[in-house]
Amino acid sequence: MLSEATIESVQVLLDNVWILMAAVLVIMMQAGFALVEAGLTRGKNVANIFMKNLMDFCIGALLFFAVGYAVAFGGDMTGLGSYIGGDGWFLAGDGIFTYGTLDKFVFFTFQVAFAATAATIVSGAMAERTKFKSYILYSAVISAVIYPIVVRWQWGGGWLFQLDTPFHDFAGSTLVHMTGGITAAVGAAFLGPRIGRYGADGKPRAIPGHSIPLAILGTFILLVGWYGFNAGSWLAAGTEIGAIAVNTTLAGAAGAFAAMMTTWLRSGKPDVAMAGNGLLAGLVGVTAGAWVVNGLGAIVIGLAAGVIVVYAVSFFDKIKIDDPVGAVSVHGVCGAFGTLAVGLFSTIESDGIVKKGLFYGGGTDQLVSQVIGVAAVAAFVFVAAVILFATLKATVGLRVDPQEEIEGLDVHEHGFPGYSHAD
Amino acid sequence: MLSEATIESVQVLLDNVWILMAAVLVIMMQAGFALVEAGLTRGKNVANIFMKNLMDFCIGALLFFAVGYAVAFGGDMTGLGSYIGGDGWFLAGDGIFTYGTLDKFVFFTFQVAFAATAATIVSGAMAERTKFKSYILYSAVISAVIYPIVVRWQWGGGWLFQLDTPFHDFAGSTLVHMTGGITAAVGAAFLGPRIGRYGADGKPRAIPGHSIPLAILGTFILLVGWYGFNAGSWLAAGTEIGAIAVNTTLAGAAGAFAAMMTTWLRSGKPDVAMAGNGLLAGLVGVTAGAWVVNGLGAIVIGLAAGVIVVYAVSFFDKIKIDDPVGAVSVHGVCGAFGTLAVGLFSTIESDGIVKKGLFYGGGTDQLVSQVIGVAAVAAFVFVAAVILFATLKATVGLRVDPQEEIEGLDVHEHGFPGYSHAD
Amino acid sequence: MLSEATIESVQVLLDNVWILMAAVLVIMMQAGFALVEAGLTRGKNVANIFMKNLMDFCIGALLFFAVGYAVAFGGDMTGLGSYIGGDGWFLAGDGIFTYGTLDKFVFFTFQVAFAATAATIVSGAMAERTKFKSYILYSAVISAVIYPIVVRWQWGGGWLFQLDTPFHDFAGSTLVHMTGGITAAVGAAFLGPRIGRYGADGKPRAIPGHSIPLAILGTFILLVGWYGFNAGSWLAAGTEIGAIAVNTTLAGAAGAFAAMMTTWLRSGKPDVAMAGNGLLAGLVGVTAGAWVVNGLGAIVIGLAAGVIVVYAVSFFDKIKIDDPVGAVSVHGVCGAFGTLAVGLFSTIESDGIVKKGLFYGGGTDQLVSQVIGVAAVAAFVFVAAVILFATLKATVGLRVDPQEEIEGLDVHEHGFPGYSHAD
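Residue numbers (the working numbering), protein chains in the order written: chain A, 65 to 487; chain B, 65 to 487; chain C, 65 to 487.
Source of the hints: derived by calculation from the structure; they are not laboratory data.
Worth double-checking, as some hints may not be accurate.
Since the list gives no way to pick one copy over another, a pair counts as held whenever it fits inside one copy or between any two copies.
Said to hold, decoys possible - Derived pair list, reagent style SDA-like, types lysine to any residue, alpha-carbon separation capped at 25 Å:
id: 1; residue 1: K457; residue 2: G145
id: 2; residue 1: K382; residue 2: W328
id: 3; residue 1: K457; residue 2: L329
id: 4; residue 1: K267; residue 2: G302
id: 5; residue 1: K333; residue 2: F154
id: 6; residue 1: K457; residue 2: T142
id: 7; residue 1: K197; residue 2: W328
id: 8; residue 1: K333; residue 2: G479
id: 9; residue 1: K267; residue 2: V475
id: 10; residue 1: K267; residue 2: I385
id: 11; residue 1: K382; residue 2: Y262
id: 12; residue 1: K333; residue 2: V76
id: 13; residue 1: K333; residue 2: K420
id: 14; residue 1: K267; residue 2: V460
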């Protein structure tokens with residue numbers, strides 16, 4: 065017999081199937097991050113890098129299940145609850161928060177993949193010199209506490225979402241990427257540069273990565289996963305996912321093109337690693353506004369992000385924040401930029417969700433909220449990261465000893481080299 | 065005009081789309097298996113390893129189409145039919161078996177991916193010393209006959225499914241993984257250890273794999289594919305896929321964490337390859353119970369599997385079963401363990417499908433059926449594998465000659481090295 | 065309240081979700097193409113190869129958005145419009161063409177992935193000696209103009225689709241693969257062979273690729289993506305996607321098996337790279353008829369393509385078209401073969417879409433249309449490619465200078481080697 069519920073139930077199933085597939089795509093991004101970081105660093109640290117990325121996901125998933133999800137989405141959203149949640153530990157309870165028609169386990173799978181992403185971003189900036197034990201501890205704290213608090217503020221219905229003009233960060237340029245990027249910057253600053261990164265004259269010397277194939281394969285995998293990241297953030301099956309996917313494509317493509325052209329014009333040769341980072345920069349940039357900008361806006365954001373990332377990398381080089389893979393520039397700087405860009409290029413006016421941007425006649429309301437959101441998240445993450453890394457430095461220590469750094473973390477931290485030429 | 069059929073037809077389409085996507089994820093696991101095996105072995109055999117994995121899928125798919133599917137799912141399920149099928153050769157006939165609302169071709173695609181997995185598991189344990197011709201013949205027999213018979217007993221509606229308390233192996237801890245793992249153990253035993261694997265003193269000497277990046281990239285790809293493997297085994301769109309995915313995530317994560325900690329405590333350093341194997345061990349372990357356990361059960365299974373795999377690897381080392389990638393431990397031992405764990409941790413009582421496990425007040429009924437299923441499959445596969453490998457050894461021969469083994473299978477078996485440094 | 069629109073709207077959402085997922089799978093093929101090309105060539109050019117594949121997608125996507133989509137699908141289809149479109153630039157306008165129930169952005173995402181594939185195919189044949197600047201320009205022209213015109217003729221509703229018995233190329237054996245393959249042949253001929261490819265005696269000398277792992281990993285990724293390519297070409301959710309997926313599996317498997325056996329019989333050893341190319345040849349071959357052939361037809365097409373590709377590679381070797389990865393043979397020759405095979409093995413008679421093939425009692429009508437389509441596309445693409453490459457050769461130049469070719473394109477074109485062994 066036909067009943068209203070039947071049609072609805074099919075729609076519910078479709079929503080759940082689609083978001084689970086999107087979550088799987090985002091989980092695949094873990095491989096992409098590992099490959100990019102491994103490719104842009106030296107072969108003597110490659111096993112350490114894969115191990116860090118593996119544990120980001122594994123420890124992060126266990127802790128996000130136990131704690132993080134409750135902090136991000138649990139309990140009611142008034143008072144202190146608009147800053148931090150606290151219900152639904154271990155995903156237990158019938159009243160646990162989920163979104164729309166999504167089964168709580170499907171929503172969790174999507175969210176846990178995002179949490180792992182935030183943690184993984186930091187890995188790259190701290191590569192080639194961080195103690196594995198400290199890394200594990202750091203990664204645990206961001207997955208269980210820091211990232212979930214930031215998510216609470218917006219996707220968990222907290223104070224940023226409760227602004228008169230709500231902050232808008234569709235898929236996480238700020239919540240995921242800038243959170244990762246700022247933590248990365250603090251971590252890299254606490255660690256100091258790798259041995260040999262700056263000459264006796266204080267000038268930066270490039271330490272080339274050991275494998276462009278790994279790096280660009282990782283970039284392609286990240287691109288693929290980003291369709292789940294952005295289009296999946298609609299959190300239901302909707303025809304809107306098409307435009308979101310197109311914006312994702314265009315911004316990434318424009319970012320790669322712009323970064324390539326910028327290096328070509330600056331140094332006379334199109335740089336491959338930077339083109340890959342440009343793709344990622346464009347993707348990070350459009351993530352906040354993937355639903356609210358049009359194709360032109362996506363291209364402008366991508367082009368700008370692709371240029372910005374090149375100059376940001378130079379800037380951090382100059383101030384001696386040694387970030388081997390450019391994570392701070394890609395995720396931190398372009399994450400902030402992309403979030404602010406919503407206030408400029410939003411073409412959509414949806415009551416209580418988002419207002420039109422400045423360039424589309426919407427005034428500065430949305431832009432102001434974007435500034436508030438970016439500034440608040442940046443300030444909180446900065447302070448939290450300083451406390452975290454200062455504590456780790458004072459206790460277990462952050463950095464491996466120089467001999468280990470010179471000989472490679474693979475053998476010293478893990479007992480075996482990442483590459484073996486044994487017969 | 066509205067009609068009942070219309071709503072149903074959309075649901076049917078959704079089921080088919082979802083299971084086809086899940087099948088594609090499982091097919092992607094072929095790349096994961098190839099990478100893990102290649103990474104954990106030496107560079108001189110790398111082309112051989114990729115070729116074996118390629119042919120597992122290609123020859124396996126052709127034979128499963130021609131023969132295997134009919135053996136697993138064809139004909140009626142009484143009498144001899146509860147042990148072996150025999151209808152629907154070449155997927156022909158209108159009455160051919162499929163599941164629920166699935167188109168027979170969609171169901172076949174999902175099943176053929178599983179068949180390829182079972183065959184591929186063996187490859188790792190027999191790496192670096194098996195004649196390619198023998199490998200091809202073995203792989204053909206498992207895809208066409210051995211694996212399909214085992215599937216017949218349970219998923220094909222055979223005698224294990226017909227037990228008063230049916231055996232429960234949701235996505236194949238026993239049917240797929242243990243079948244592969246036991247065949248792998250027999251194969252490795254028939255072959256004998258690689259030259260140099262044991263010193264003059266009889267003690268094992270590690271032969272390090274040539275590339276952690278390949279191995280862990282493969283592990284990530286397997287993780288991604290496992291969401292199709294487990295959640296797809298619901299064989300329809302259902303909100304249950306969420307909990308299945310979460311159990312998969314938690315068990316894999318717990319397995320990696322436990323294996324890492326076990327090696328850290330045993331040897332003083334967290335071992336990267338073993339952490340990867342721990343992830344796979346956790347995934348194999350939860351595969352049987354992915355639908356019937358809760359999050360806590362999944363974590364317990366994963367933690368246990370992660371510890372078990374480390375000790376199992378040491379055990380097979382000691383008894384001189386040389387398994388270069390740990391396939392017997394990961395798939396055989398943890399496959400059996402995970403299947404038995406259903407009898408302990410099942411929280412679901414579903415008439416004629418599964419009973420609650422011992423720890424959830426369900427008595428020993430399910431556990432007994434699990435023991436029967438594991439023992440029966442193990443016994444059958446063991447005997448079949450002994451016959452198979454004894455026959456191959458007596459005819460075409462199993463092992464390459466020592467010079468070839470020392471110089472590498474790539475050049476001798478395939479004519480070219482896997483890596484070339486030509487200008 | 066129930067309404068007809070509600071059921072329809074769920075179906076529409078399902079169609080869009082499925083095709084977006086299929087598009088993502090096709091986009092993943094970019095990584096596969098990059099890996100195959102990189103693996104089958106030398107390490108000194110590997111960064112250049114990844115950069116080319118990255119830019120194929122990025123520049124291609126921007127131009128297909130701006131221009132290509134309008135040329136392929138825009139405007140009305142009569143008169144000149146049956147040869148070239150011209151509306152919907154930048155995907156703008158409400159009346160923009162889409163297919164069936166697909167959102168225009170979803171359809172675009174699927175189509176842009178195909179456009180990138182066509183461009184990428186050429187890269188392999190021109191590897192290791194093409195100026196990057198020329199490559200960029202070529203790639204732009206094919207994505208913006210040449211490929212879209214070919215698509216217009218058939219999928220855009222143009223003259224090939226308007227034949228009394230319409231040309232049938234389900235997922236693009238001709239439109240995508242042969243277009244890429246013929247352009248590749250012309251490009252390789254204009255470039256001339258790599259230094260050292262032919263001895264002083266004029267005989268070909270093999271230049272081995274540097275990494276079978278990269279090449280076969282890429283092959284696996286292409287296989288996975290091909291399910292999106294072929295099954296997605298149904299352009300809606302339908303149970304037909306099952307049979308399409310099975311045909312894809314069988315033809316690919318048969319192609320790999322046949323190519324392996326052919327090399328085994330010819331040279332005494334089963335060749336790994338050629339087995340991989342055989343898989344791709346089978347996939348290319350079945351792409352035109354994936355919907356209209358049955359399993360047997362798919363196997364026959366795959367077996368034939370696997371044999372053909374081996375001999376085609378030898379043939380181009382002999383006539384001194386130096387195609388480092390066999391792209392002309394795989395995509396050009398097997399693309400043409402597979403398209404013609406529709407006229408032989410089609411089992412489906414669907415009014416105005418396709419007729420039965422010769423071997424299934426359908427007469428020669430479909431075969432004649434297939435010949436017309438293949439010949440017309442081949443002729444157009446050949447002429448367009450000659451004009452394109454002649455123009456590039458006469459202006460910016462096609463080929464790097466000999467010193468750069470010998471030392472590698474990575475350092476000369478991009479400033480850094482693809483692999484670094486720095487400490």
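Those earlier numbered hints the structure runs against, lowest number first: The structure conflicts with hints 1, 4, 5, 6, 12, 13, 14, although it agrees with all the remaining ones.
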